[in-house]
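Enquirer: Residues per chain are reported as follows:
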Amino acid sequence: MLLIHCPHCLEYRDEEEFSYGGEAHIVRPLEPEALNDQEWGDYLFFRTNSRGVHHEMWYHAVGCRRYFNATRNTVTYEILETYKTGTQPTIVGAKQ
Amino acid sequence: MSANRLPTHTGATIDFTFNGRALKGIAGDTLASALLANGVDVVGRSFKYARPRGIFGHGAEEPNGIIQLGSGAGTVPNLKATQVELYQGLEAFSVNGWPSVDVDIMGIIGAFGRLMPPGFYYKTFMYPKKLWMTYEHFIRKAAGLGATPVKDDPDSYDRLNQHCDVLVVGAGPAGLVAAREAARTGARVIIADEQSEFGGSLLASKQSIDGLIARDWVASLVAELGAYSNVQMLPRSTVFGYYDHNFLTILERRTDHLGLTSAHQVRQRMHRVRAAQVVLATGAFERPLVFAHNDIPGVMLASSVSTYVNRYGVAPGNKLVLFTTNDNAYQTALDWHQTGRDVVAVIDTRRDPCGDMVVAVKALGIDVIAGHGVIEAQGNKRVKRALIAPINEAGTEVIGAVRVLDCDLIACSGGWSPAIHLSSHTGAKPVWDENIVGFRPGESKQQERSAGACRGTFDLAGCLAEGATAGADAANCSGHGEGSTQFPMCAVEAFEEQPQQALFLVPHSKSTSRAPSQFVDFQLDVSASAIELAVREGFESVEHVKRYTALGFGTDQGKLGNINGMAILANALNQSIAETGTTIFRPSYTPTTFGAIAGRDVNNLFDPERYTAMHRWHMEQGAEFENVGQWKRPWYFPHQGESMQDAVDREGLAVRNSVGILDATTLGKIDIQGPDAAEFISRIYSNSYLKLAPGKCRYGVMLKEDGMIFDDGVCACLGDNHYLMFTTTGGAAGVLAWLELWQQTEWPELQVYFTSVTDHWTTATVTGPNARKVIAKVCSDIDLSNEAFPFMDWRDGTVAGIKARVFRISFTGELCYEVNVPAHYGRHVWEALIAAGEEFDITPYGTETMHILRAEKGFIIVGQDTDGSMTPADMNMDWVVGKKKTFSFIGKRSLRRSDMLRENRKQLVGLKTLEAKTVLPEGAQVVFDAKQAIPMSMQGHVTSSYYSANLGHAIALAVVKGGHSRLGQIVHCPLADGHTIAAEIVSSVFYDPKGERHHV
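For the protein sequence lines, the chains are A and B, in the order given. Be aware that the first sequence starts at 1, since it is given in this note's numbering, and climbs by one per residue. Be aware that the second sequence starts at 1, since it is given in this note's numbering, and climbs by one per residue.
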């Protein structure tokens, strides 16, 4: 059971308060209509599925109701940092 | 006095029964020690071969003494007799053995054990495939472990969430001093131990510490810990799981030692502990030696024999043969000698044992036979003889003549295996260590450290030193103490020990495959030859061999057998144990009561229930309820003597012919405000809201980015920059999270705010041709005429004296007013509407009638008629997709993906059964050719199906491949019972296809 630091509430709270939001930093195409099916499909369906350092969104569903990002090691489940949406992570893993 | 009870050991007598036989024990006994005291040799039958089995160990490692406690509702299956504290009136039963453990018909199979190799069931009973279910029934009946209680558990359980600085797992020597050092720093400490008393191995030890004999030293330390206000001591508490981020679960057994059930207090409590730091001091398990027929009752672990003698005053036999590979086990010979009973011989596999303990044993005149092994035990329900033989230095061959020793007890020791289970739960990979001949905990993945025997440190002085250091280190790491981890050492008498021999399979004069079974895993009857056979059949991975042979799959999780099994496997594969590796331990460490995991969250408290303001009124009317999410919604309102169908027929006819009233409070409601609210809503719904004026409503569909329908509902413009969004009852929370996601992560520049107001409003839906007349009687400040207040408008007004929002939206297809008032006025307004409607025979209706009426109109229910793979076009709802919107709405691009343009997509249609009264089952598959051989081509399925009293025939909605171009075709629904229902594809709108009735 994860212990997650909410960067808005500034507290460690139990995993039960949060819900998972999927991979972070996926850029939504500004003009979806300009993309062909393959390009749109890449945006829609493909994720990095990282082994190791991974940036992901979490939603403090029964807390402040804010989305934020976490850098988590998908092997050890260690959460290396959490940071607000719209900011960049300070910890970046090697591509695996 | 019982035959095996030592005269030095006295206490209050406790009466209990085992398999119906009345026996006596002494206060402080476990069920196992009491059975041994009474000379009960056979406590159960083995799982596969039904061989007679006796008590083998003295704690969580026990593989044989699996019992069913008590009977009736409180019965507990599969407890280990070694962990059951004796109480007055205890009733225990063997879990295996039919008709009894002493005469077991299945035991005949045991005599043919050689005919049941691993995978026997798969190999033998697989064909013909059809008969597997039959085979399985009998196999399970013959095999299975204990019986599950069939009545509700009479006990209550609870859960406690806790935080601490240092959690110490295990209260043996290492754990106790760790807790003391941590406590001294002021850190909040929890120390838990699965036994009834703290002390671990010291409870049965004759060593002295700081001048006190072990038991007294433990008592003084426990007293010291008890004086700290920052220490919580949890005896009878098993730490059974170690989860992410230092979250550990402890099962505390509060009343199990007092009786079967405990009606007036909590039987067990689960502590959910978030610990800053953890000290694992979980000890070690002695490793059995694997020799022929090592499973006959009377073969035991050496340390268990000592424990029964020293702690419980029970000598489980008369003539002991001690079989060892190490110095440590010689203590058992000393302990046995002190009981005055006979030590026949000590058999040591090493050439020249000469450590301090060996010398002490020899000094008593006990025969120490070096360079030998016990290669076979003989006896039926009790050991009668040990066959011993000289073995070579490598321990692989018998190299001389076999001798017979008469004995009734063989205590064996193959060294010690650290209890690395909890460390393993964290993901730490165990490391093989040749020096201790065992796996040590791997590199820590969490804030934990191991100390003492579970780390491979087996001498008492070492355990105490490591425990103190670990406790202080844990406290320091949690921000307590001054950083020092140096302490004065406890004074302990020390013994010079010589290295042990690594021996995992004792050779026999015959080869492993021909020798009598040499058992590795007692509980599941896995023998050394079975592991070798698995290798010959091509298994290489330890995880595969485990699953094929069932090694370690028992309720003991292979605490005794695993290391021997891995080593035998490694040898068969010609590789090292380190290369072979070990299987991964997972929670739970020992079996855990489901009730304790559930705690108070059972029955009515399983999930919160949500009620509307009119709930009590519904109950007074005798409504039947259905669960919609957490809401309790009236399902239908049966009158005296009415069936459900009678009731919904009556309710549905009333709505279309006069007027009905529905409690629609549960629909999700989200208040949306901000200068960019209209823009935001337009991007969320597939149609545009930019031109929606105050006073107007619009129906919209939300798509996920993949173009699939995700929710639907009406959105009303309340004023400039102010909207009210209705969602489905079950989708409310998901929609709110969806709105937040897009606003916060994608369009933060849009100024818009969302507030859930579902609980703030009560909604009463008044619908039917007479709806206007009813509303007019309780509302005088809204012009209700169709011209002034047309369909899809809303108005502020006063209803029954209460400020209200009235919406002219309709889910029935009839004239309809949805009256929204602040929730607490709900019942008042509802009753006023009922009174106003009396002259029109206003009829309250529930969700079932609501479903039928909307299906008559072909209105979909998201989640029932859609399943996450349906687009608006599939639902024949292209009209709801705004083609000219300036900003692309969510999901728009996906609607022209190639897959969306396929002609044979499943599309919403109506189905009319050819036999008018026949109602299709929801979920029925649709095929085009009823005569096609199985497997048939499935062309769709029925999503909604009802009998419509208004139409006088059954109606159904279905999704059918290419359905929109198949109107008029006949399809078939083959059912599980073999018969087939034919139906015609028709328009999904059965009633009032032009939609005239709601515009009046």
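You may find that some hints are simply not true.
Some, not all, of what chain A presents toward chain B, calculated at C-beta under 7 Å [stated by the list, open to error]:
(1) Leu30
(2) Pro32
(3) Phe46
(4) Arg65
Using 30 Å as the maximum straight-line C-alpha spacing, the simulated DSSO-like pairs for lysine-lysine come out as follows [claimed, not checked]:
(5) A:Lys84 with B:Lys892
(6) A:Lys84 with B:Lys445
(7) B:Lys362 with B:Lys696
(8) B:Lys691 with B:Lys857
(9) B:Lys961 with B:Lys917
(10) B:Lys704 with A:Lys84
Pair by pair, the computed Cβ-Cβ distance ranges are [as the list claims (entries may be wrong)]:
(11) B:Ala394 with A:His25: 37 to 43 Å
(12) A:Leu30 with B:Asp992: 30 to 36 Å
(13) A:Cys9 with B:Arg897: 36 to 42 Å
(14) B:Ser509 with A:Gly52: 21 to 27 Å
(15) B:Ala3 with A:Tyr12: 58 to 64 Å
(16) B:Asp433 with A:Gly52: 25 to 31 Å
(17) A:Gly52 with B:Asp759: 51 to 57 Å
(18) A:His25 with B:Gln621: 53 to 59 Å
(19) A:Leu30 with B:Ser643: 55 to 61 Å
(20) A:His25 with B:Ser756: 40 to 46 Å
(21) A:Gly52 with B:Ser576: 25 to 31 Å
(22) A:His25 with B:Glu443: 47 to 53 Å
Simulated from the structure, these hints should not be mistaken for laboratory data. Ideal Cβ placement from N, Cα and C applies to all residues, glycine included.
Enquirer: Against each hint, give a clear statement of whether it holds in the structure.
Expert: For each hint, the structure was consulted:
no.	hint	result
1	Leu30	violated (9 Å)
2	Pro32	holds (4 Å)
3	Phe46	violated (13 Å)
4	Arg65	holds (6 Å)
5	A:Lys84 with B:Lys892	holds (29 Å)
6	A:Lys84 with B:Lys445	holds (27 Å)
7	B:Lys362 with B:Lys696	violated (101 Å)
8	B:Lys691 with B:Lys857	holds (28 Å)
9	B:Lys961 with B:Lys917	holds (25 Å)
10	B:Lys704 with A:Lys84	holds (24 Å)
11	B:Ala394 with A:His25: 37 to 43 Å	violated (59 Å)
12	A:Leu30 with B:Asp992: 30 to 36 Å	violated (44 Å)
13	A:Cys9 with B:Arg897: 36 to 42 Å	holds (40 Å)
14	B:Ser509 with A:Gly52: 21 to 27 Å	violated (54 Å)
15	B:Ala3 with A:Tyr12: 58 to 64 Å	holds (59 Å)
16	B:Asp433 with A:Gly52: 25 to 31 Å	holds (29 Å)
17	A:Gly52 with B:Asp759: 51 to 57 Å	violated (43 Å)
18	A:His25 with B:Gln621: 53 to 59 Å	holds (55 Å)
19	A:Leu30 with B:Ser643: 55 to 61 Å	holds (59 Å)
20	A:His25 with B:Ser756: 40 to 46 Å	violated (28 Å)
21	A:Gly52 with B:Ser576: 25 to 31 Å	holds (29 Å)
22	A:His25 with B:Glu443: 47 to 53 Å	violated (31 Å)
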